[in-house]
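Student: If you count by my numbering, then the sequence shown holds residues 1 to 248, one letter each, in order.
Think of the hints as simulated: they come from the structure by calculation, not from any bench.
Heads up, some of the hints might be wrong.
[Claimed, not checked] In silico DSSO-like links for lysine-lysine, alpha-carbon gap of 30 Å or less:
no. : residue 1 : residue 2
1   : K40       : K145
2   : K55       : K40
3   : K101      : K243
4   : K145      : K36
[What the hints assert, rightly or not] Quick list of the computed label-pair ranges, beta carbon to beta carbon:
no. : residue 1 : residue 2 : range
5   : R220      : P43       : 15 to 25 Å
6   : I134      : G211      : 41 to 51 Å
7   : E53       : V216      : 38 to 48 Å
8   : S57       : M239      : 41 to 51 Å
9   : S123      : E99       : 14 to 24 Å
10  : T23       : G211      : 36 to 46 Å
11  : D217      : Y245      : 25 to 35 Å
12  : E244      : L219      : 38 to 48 Å
13  : S246      : G129      : 14 to 24 Å
14  : G211      : K243      : 46 to 56 Å
15  : E244      : E53       : 36 to 46 Å
16  : E49       : G223      : 14 to 24 Å
17  : K101      : I212      : 39 to 49 Å
18  : S123      : D50       : 18 to 28 Å
Beta carbons are placed, not taken as given, at the ideal position from N, Cα and C, and that holds for glycine.
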Amino acid sequence: MNGLSLFSGIGGIDLAFEWAGGTVTAMCEIEPYCQKVLHKHWPHVPLFEDIRELKGSDFGTIDIIYGGFPCQPFSVAGNRKGQDDNRYLWPEFSRLVSEIKPRWVLAENVPGILRIAADDVCSDLEHQGYSVGIWDFEAATVGAKHRRERIFFVAHSGRTLLARSVEQRTLQGETEERTPNQLKRPSCSQGEWDFCNQWESEPRVDRVAHGIPYRVDRLRALGNAVVPQQVYPIFKAIMNIEKEYSDD
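Construct the complete structure from the given sequences, taking the supplied hints into account.
Tutor: Okay, structure coming up:
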């Protein structure tokens, strides 16, 4: 499965996509520090700078477009101006979906989007013929030491396929009680969940850190990043659905 990565950051979602068996075809990221990280770890993947300058004709066959568009218009840490914020870039994401017409779309953001722009995201995709599901998933669910709650919009161009597969397959096999603001975790084998739950201990960071290059850039990039283990089960469910229907 070929993927176009938008708002790539330091590649958290891209790692999960590759773990699930996907191939990153191209990336788009405007922050210079994040670009350095991406060039280091994906040196052979084309990296574009500004989504507003991208055109669907720049790419070949793309099976899935994914990425976390800027959260500042919706985050409780900001002014929550939504569409009135000049960093509201969902329309550019939506434009590329309409031009490329991938089978799948995965868009990530913070929980604040649910009250401000979730209807716009769903409406835009539905008008393009996609069926859309929303997953509220915490990094803590896969063993992280922090919540990092994130919203994932998952869309497929076949309405029947998404309705009977993503809804059922992604949520099957759950044994834990459902808690508020947390959907049941996607179904993976026990081995895959053991893989997701492998976390290294974080080193102690003193109050004043001296001699760490790009310290502020690193903190900002980490704050914006998505934990790969957090989104991996969603990509894995998508891959399983693709395989199931290709075998039919």
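Student: What hint numbers does the structure not satisfy?
Tutor: 7, 8, 11
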